[in-house]
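Undergrad: Single-letter residue listing:
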Amino acid sequence: MNALFRGASYGAVIITAILSTIAIGIWFERKFAGRMQSRLGPTIVGPVGLFQPLADVVKLLQKEDIVPRDADRSLFDLAPILATLFALGAAAVVPFSATAVTADLDIGVLWILAIGALMVIPTFMAGWASNNKFALLGGMRAVAQAVSYAVPLVLAVMVPVILSGTMQVSGIVQWQQQHHWVALWPVIPGLPAFVLFFLAMLAESNRIPFDIPEAESELVAGITTEYTGAKFTLFYMAEYVHTLVGSAVGASLFLGGWDGPFAPGLHWMVLKTLLLFAAVYWVRWSLLRFRSDQLMDLCWKWLTPIGVFLVLAAATWVQLMPGGR
Amino acid sequence: MSEDASEEKVELQSARRGRVDPHLSIKHYDPEADMMLLHFGPQHPSTHGVFRMDLHLDGEVVIKATPYLGFLHRAVEKLCEKLTYVQQTPIVDKNDYVAPMTNEQALNMAFEKIMNVEVPRRAKWLRVLLAELQRIASHLVALGTFTLDLGGALGGGSTLFLHCFREREMVLDLFEELTGARFHYNTHTIGGNRHDLPPGFDKKVRAVLDEIELRIPDYARMSVDNAIFRARTEGVGILDGELALELGITGPNLRGSGVDHDLRRDAPYAAYDELVPKVIVERGGDCWARTKVRFDEVAESIRLCRLALDGMPEGPINGYKAVRQPTQAKVAGGQVYVGIETPRGELGTFLIGGGDTPTAPYRLKIRSPSLHALSAIPYILPGFTVSDAVAILGSLDPIMGEVDR
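Protein sequences appear in the order of chains D and Y. Here the first sequence is numbered in numbering that gives the first Met the number 0, starting from 0 and rising by one per residue. Here the second sequence is numbered in numbering that gives the first Met the number 0, starting from 0 and rising by one per residue.
So here's chain Y without its partners, still in its complex pose (with noise of 0.2 Å):
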């Protein structure tokens, strides 16, 4: 975007917030004035891994937010099209680090699209199952890094971290029990999905809901519900939802905006046609309001595991015929795209098939949804302090490993 635009934007922002402070305003800014530049990260404790802000700052209210990116690129997608299709599974599960089993999801989805293939139902109802558990664990550590950005490492805010991190670990001893893997599961596969349910699980994962569920009301009495909590993020980094869409926001943070879009309802994959959830919106589209999307879905998901355990059909788990060598999954050609709701938003994967190679993707191109959400911080940034502008960038939730990619 060009700099004038993003001045008059900063402008528009301010003044729909009825603040309108000329000295607030870049344009009016006197840049003779003393203004201090200050170097927000690489290496700070709440950027939430390796991210830099330069902060113009007029004593600690900031003037000016510029955004610095690639600090964690690892060139995932270059790889992924070196690697056969097989292959390429468990190397995305780093790109969104807190969520890895949607990020598996949304690549074999595409692989699946791109090659024809039908994912079995019971295959469908069990990806439910895992993507809404873990955006259960996913919106925990979000709340607990939240908090602990708010709240300092050193005080009540690292409590409600540790606490959010014993649920999200009963949920992790789950996926290990499933996959045998804590974090690169690489369960999902072309056609369907490589673990089935021990016998038990289901048991076992109810127990785990119930006990998360039980402790939500505690939750929310330490953070959604907290009077500090409320006094720091209440009004703070207002997104309206035009601007949200402009930029391609998704997920909470656009539905913390007041924009009813979810994926899961609007354009149904997997087995959301039959297990609807209900979409949480919020109108604030302050720092409250996203973290209070991601608070209310937990609850949602719980919901849905819980019908998901339900109605679990019997059958296969896997429509593809099994490869004896990784090359011999083979495309000739041809596009598309698969965009599902991750815990952070629309994660899209657009293939482009064949080229040199038949056994590895042309180009392999993932839209991560952190990256749009982290596109918001020059607009949305001018105008707080710098307290505010960390729990700005906590109330987005974005993660490094799938900015940079």
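Looking at chain D on its own, in the form it has when it is part of the complex (with noise of 0.2 Å):
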């Protein structure tokens, strides 16, 4: 009851804090890429233009809830709040602190990619129910790329849990603590499984240069097409959440998670998940989009073949050196 109860409590905390963060993780992107495009960024609501996000929020809010006739009903209403709820679901098992953890499930990593899995689901709930030829599309290519890019991540995510021998997160991140961060592991298996698992979250997030499923120049806005009001508003939302995240689960089982001297784990966790966040929109702001079927070559004829070697890599690593765990 009492571990419940803990694990409740951090996790109403924990949910408040994304969500915050989200708010001002909009206002930090807008700036950041109105410096990349040479303007200024929102500067009119508040100083430096902070109450941005919340201007927006209010305003997409007030919008008229509308409904495509043909729609279909239940599947259309569902989709964005399965969506914020998968999102958020990831974030019970990462430990932001050596406590600071919702549920620290014995199979996190299990857990997290069963998750990022479910995700699909309402995006193609999304596209199928909206009744629109944009949305459709839109939701074919979300699950054709969601489908492909969960294998590379799984890879991936499969390094770290081989070196450590845990699938539990914050046993990954204490072994890191003893040992090395697995991205700054000697040369095989750990800094190319990070890039690859930044790789992939890009891709399971929908970010530029994998955003084939909203593709807003090609698909007017993909799945979100026929969506306003608070229902835009949790896609919106869910999208930021996805990112942070996957920033957090990256910056847990590659970066060392809380690990790092001088501040309290808390601080380091913050700044590691920060980073990975704001380097997401650098590449959003830089890049141009791939085509689906170029997507598609990438994942199978280069990333899955180098996650299945890594993989390999790792194991032999394990197996060859006593101790080397």
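Hints were generated in silico from the structure; no laboratory data involved. If you're wondering where the values come from, they're calculated on a predicted model, not measured in any experiment. No residue lacks a Cβ here, since even glycine has one placed at the ideal position from N, Cα and C. There's no promise every hint is true.
Rough simulated footprint, nothing fancy, chain Y against chain D, three-plus residues with beta-carbon under 8 Å [to be verified]:
| # | stretch |
| --- | --- |
| 1 | 5-17 |
| 2 | 25-37 |
| 3 | 217-223 |
| 4 | 240-251 |
Each chain sits in its own coordinate frame; assemble them with the hints.
TA: So, in structure tokens, the structure goes:
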């Protein structure tokens, strides 16, 4: 009972923290994009435009909630809720410090992967239920992409699991504390696995250069074409949550989680997460978009074989080096 | 064109590409099978204004594409038949709204030809300077909107787009200083130009040219030399030179298909007999080749602008006796055709004078290069995906104001 209560209260704190980080994150992204594009970004609402995300959300919530006449009503309504839910779900097993974790599952990594794989369901629900051809094309692309990129994602995540010998996320972080951060692991399995994870994460959270399910210049707005108001806000938020939680997972599995000198663990974890989060937007505002078949080429011809090789390399390392673990 | 001819052409095209897939050809396509009809536009973010295509899709592959035009029809040609000769210049500014300067030049050159007005040498050089500055601005917009199509309004595409617009803004500032307007310049008139270069303008133009030249390598890294950009554009939307000539495609789209044709060199007008441009040709015929031609033409235009500034002769800028009333400019009869090389290709003006009113043309027909560029769509789109359709449309650089007029 005590553990349940503690987990629930951590969960509430972490969800609140994530949602408020998203608000700052959106502001940061817009400022960042503005600087990259030689403009100012938001400046009007609040000091240096800090309240812009708030104003955006209020604006979006005021919008009329339109449901297309021939839409599949129940699926149409459920999809944005599920999207937010699944995006937040993976955060449950991510330890933000040695103690601050909602549920420190033994199979935490499996939970993350399972929840990540579930994300494709609300996306396709939205694409199908909208009764819109652009949304349908977007949904179709999303399924193909998410199913394919789950493979390199799993392979990349297998590397820290094999090296540390546990699927518990806090266990992996503790192992990194005692040895090395996985991303700094000598030569082969570590750093490439981290890069692989980062690419697969970009694809899973539909970010440029892998944002073909939305592809607003091709598919108008992809799966969110028919969504307005609060439901659109949920989708919009789910995307950011997905990216942020993905960054947190990457920070724990590859960058040593809360491990770091001088400052408390929580600070290090937040810093690493935000750095990864910023890197996602750096990539987003500098690159163009791949075509869907090129995306598949990249996944199956490059990332997956590399992933298999990395898993084999990690396994060999653990076998050959007694105490290499 | 007849339906059959179009089908054969599509087959021919896919055969030329070496991808003869009976599934992709309309003739062999089973109409009972699942095919999705996607109304692409007129309200779509990537149709460059209001353009509509009906795409017949198998999965994401385009089987057949039918373009529909006319959403931006404003009856400019009819309007020109109603207005007097001196009133028409600002009307045609709006045709090709990315390069207004060359529109009014084409129109006024037709008037000069039918009225037998001699243009002074300084005005000719001034026209070259303005046309080349406009070409730089227009090609920057073309490059920016093309990357916007490839990379999205919320991503890397918009980064290059805004950078291109920043440089275009500098050219517009120059035009504003010269003519007082950012869009409706109304600086070309019958017999020459209205606005002479203000003192110190020379230096400002040179500063802008230097700055744009400095940034060209950055743009190259983000577009024509970029790995993702090349992956998206190479081998996509191949338009071979033969077909391009058949369809009357001109400008960078034609030169991208390996045809060495440029009116500035082949049929010199204004001062292009003295300032001979280097014609840039790419052999590929794909989206990348078309973009590369535009990209290199920016550098060439910078060179021409510098030459025009260096050798700008002194003298009057208008050789036509000013009229006190618009109705005093009259044409008794006759017909002329004048074609000039705008950033999009051959912009022609066909003019029949006389008729009921000598103060207005009997008929004025504008041959717009963008219309001919769009006529390639049914031939080059089939066999590519929806993503490629956006890229191909963007690489043809159509301006809908000019297509529909």
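Undergrad: Does each hint fit the structure? Answer for all of them.
TA: Hint by hint, here is what the structure shows:
1. Counting residues of the stretch 5-17 of chain D whose beta carbon lies closer than 8 Å to any beta carbon of chain Y gives 0, which falls below the threshold of three, so the coverage claim is violated.
2. For the stretch 25-37 of chain D, the assignment as covered by chain Y holds, since 4 residues bring a beta-carbon within under 8 Å of that chain's beta-carbons and 3 suffice.
3. Using a Cβ-Cβ cut-off of 8 Å, 3 residues of the stretch 217-223 of chain D lie near chain Y, which meets the minimum of three, so the contact claim holds.
4. Only residues whose beta carbon comes within less than 8 Å of a beta carbon in chain Y count, and the stretch 240-251 of chain D has 0; fewer than three means the coverage is violated.
Figure legend: structure checked against the earlier numbered hints; hints not met, in rising order: 1, 4.
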